[in-house]
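Based on the hints, put chain B in the right spot on chain A.
Chain by chain, the residues run as shown.
Number of protein chains: 2
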Amino acid sequence: MLNTVIIGTGNLAFQLANVFYETEEIHVTQICGRAPSLPSGFYSDIDYCSTYEALLEADVYVIAVSDSAIASVVKQLPFKDRLVVHTAGAVSMEVLEGQNRKGVFYPLQSFSKNTTTTFTNIPICVEAFQPKDHELLIKIANYISNSVYTIDSQQRLALHTAAVFVNNFTNHLYQIGFEICEQHNLPFEVLKPIIIETAHKIANTSPKEVQTGPAKRGDTDTLKKHINSITDKKHLEIYNLLTQHILSQHGKNIL
Amino acid sequence: MLNTVIIGTGNLAFQLANVFYETEEIHVTQICGRAPSLPSGFYSDIDYCSTYEALLEADVYVIAVSDSAIASVVKQLPFKDRLVVHTAGAVSMEVLEGQNRKGVFYPLQSFSKNTTTTFTNIPICVEAFQPKDHELLIKIANYISNSVYTIDSQQRLALHTAAVFVNNFTNHLYQIGFEICEQHNLPFEVLKPIIIETAHKIANTSPKEVQTGPAKRGDTDTLKKHINSITDKKHLEIYNLLTQHILSQHGKNIL
Numbered sequence: 001m002l003n004t005v006i007i008g009t010g011n012l013a014f015q016l017a018n019v020f021y022e023t024e025e026i027h028v029t030q031i032c033g034r035a036p037s038l039p040s041g042f043y044s045d046i047d048y049c050s051t052y053e054a055l056l057e058a059d060v061y062v063i064a065v066s067d068s069a070i071a072s073v074v075k076q077l078p079f080k081d082r083l084v085v086h087t088a089g090a091v092s093m094e095v096l097e098g099q100n101r102k103g104v105f106y107p108l109q110s111f112s113k114n115t116t117t118t119f120t121n122i123p124i125c126v127e128a129f130q131p132k133d134h135e136l137l138i139k140i141a142n143y144i145s146n147s148v149y150t151i152d153s154q155q156r157l158a159l160h161t162a163a164v165f166v167n168n169f170t171n172h173l174y175q176i177g178f179e180i181c182e183q184h185n186l187p188f189e190v191l192k193p194i195i196i197e198t199a200h201k202i203a204n205t206s207p208k209e210v211q212t213g214p215a216k217r218g219d220t221d222t223l224k225k226h227i228n229s230i231t232d233k234k235h236l237e238i239y240n241l242l243t244q245h246i247l248s249q250h251g252k253n254i255l
Numbered sequence: 001m002l003n004t005v006i007i008g009t010g011n012l013a014f015q016l017a018n019v020f021y022e023t024e025e026i027h028v029t030q031i032c033g034r035a036p037s038l039p040s041g042f043y044s045d046i047d048y049c050s051t052y053e054a055l056l057e058a059d060v061y062v063i064a065v066s067d068s069a070i071a072s073v074v075k076q077l078p079f080k081d082r083l084v085v086h087t088a089g090a091v092s093m094e095v096l097e098g099q100n101r102k103g104v105f106y107p108l109q110s111f112s113k114n115t116t117t118t119f120t121n122i123p124i125c126v127e128a129f130q131p132k133d134h135e136l137l138i139k140i141a142n143y144i145s146n147s148v149y150t151i152d153s154q155q156r157l158a159l160h161t162a163a164v165f166v167n168n169f170t171n172h173l174y175q176i177g178f179e180i181c182e183q184h185n186l187p188f189e190v191l192k193p194i195i196i197e198t199a200h201k202i203a204n205t206s207p208k209e210v211q212t213g214p215a216k217r218g219d220t221d222t223l224k225k226h227i228n229s230i231t232d233k234k235h236l237e238i239y240n241l242l243t244q245h246i247l248s249q250h251g252k253n254i255l
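Protein chains in written order, with the working numbering: chain A, 1 to 255; chain B, 1 to 255.
The set of hints was computed from the structure by calculation and includes no laboratory data. Heads up, some of the hints might be wrong.
No copy is singled out in the list; a pair is fine if it fits within one copy or between any two copies.
Here are the simulated DSS-like pairs of lysine-lysine, each with C-alpha atoms no more than 30 angstroms apart in a straight line [what the hints assert, rightly or not]:
1) Lys132 - Lys80
2) Lys225 - Lys75
3) Lys208 - Lys234
4) Lys208 - Lys225
None of the values given here were measured: they were computed from a predicted structure.
This is chain A alone, in the form it adopts within the complex (with noise of 0.2 angstroms):
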């Protein structure tokens, strides 16, 4: 059985402590936060303390908190040689810098603490500076995950970009469709059934070569219908760039 300590009570230290608390081959041994109980939501038999001084034995400490406030929180830790990790994309390993051993345990996926995550299918992404902490944090990931990534500090800041462009960047995109239905008085549910086609379509091919539309085939008269068409300023620049990217990466420098 492997004893684990989550330090922060957020939706990641969440979904966390459900994960590991559902697993069998691992304990929460306690999770540590700042208000001066466990917070309604986890489950209620797991141990809570709100200060560092009451934190117990374990053989990882995660630390799931604001990416701002890990450094903080080391550095408080009343221990040393025990590892302790953090969970964060953008953060690099040596944040961790201290008196114990350091690693990363970065599960790839955007979490909200009203819905209940499965973990089957969700990449983590574990960094250790020991070899048998490595380990550790592999096999740790292995019992909730089918998909495991061994990945240095500088790849996981390249992979969190790569996330806010496939992810934030395309529910923003969402959003303009959704701006475009309002204002032509058509439901978004229209757009719904093309948005989880393009999503799926990727899975077994590059993105690049199931691109289409307009600016893709080189069509000037499309593309300028729906120029004329856009009436949201901002719209019409993120389609103007977007545009001009894909009618260059497919070799067609028409506009």
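Same frame as chain A, but now just chain B:
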């Protein structure tokens, strides 16, 4: 039984021929194309012609050719007072002006010839000049799909533009994710679960409500790290523009 003639042999013509053929209430009377004989892949017992003079009588003629060819096809039809519809998102119904009754039958999806398309969930957007033609198109649409909308030409153009944002542009963002992975020796596989999750997250809520990420939070530290980690000038242009838009949409004017 409704008799249909499909004019065109491209991706959409192929998918419509298949779904009409497989629908009990619809008969594919004929396919009309430029090739001397019916291209392989189509159900081989469908009647085929390669001249407009050989067109048989039908309840509806479905023009599924490239946008720029629609007007020329309509002009060459050797009959009058029949229902002729096109299938294009960005083409006004008025393009069909001539001796026949006009309408539009627009399935909102991105079609490719080598994949089997299930129409059940594909939104079909119909428009017609005469009420009885509108009724007939609604009937056909309902035979093949659970999602049928009546929308006019202006709405359809807006919808087509919105689809470019959520489909073509989104796919381009996936391609940027792919390129960042390639640059850092990361498998693109690692991004696929978050891509799927992002698309499914908006099922029951507006994209604005589920927006996450450093721009949404106004997290300048992470934004700066990302900007410094991006080596491709084109990626950076898109990163900056979309970040600015999300920042301003969520009231975070900090950059």
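Each hint, compared with the structure:
1. When the C-alpha separation of Lys132 and Lys80 is checked against a cutoff of 30 angstroms, the pair qualifies only within one copy, where the shortest distance is 17 angstroms, while the shortest distance between copies is 81 angstroms.
2. For the identical chains of this complex, Lys225 and Lys75 are inter-copy neighbours only, at 23 angstroms across copies versus 58 angstroms inside a copy, given an alpha-carbon limit of 30 angstroms.
3. Taking the shortest alpha-carbon separations for Lys208 and Lys234, both the intra-copy value of 26 angstroms and the inter-copy value of 15 angstroms come in at or below 30 angstroms.
4. When the C-alpha separation of Lys208 and Lys225 is checked against a cutoff of 30 angstroms, the pair qualifies both within a copy, at 24 angstroms, and between copies, at 27 angstroms.
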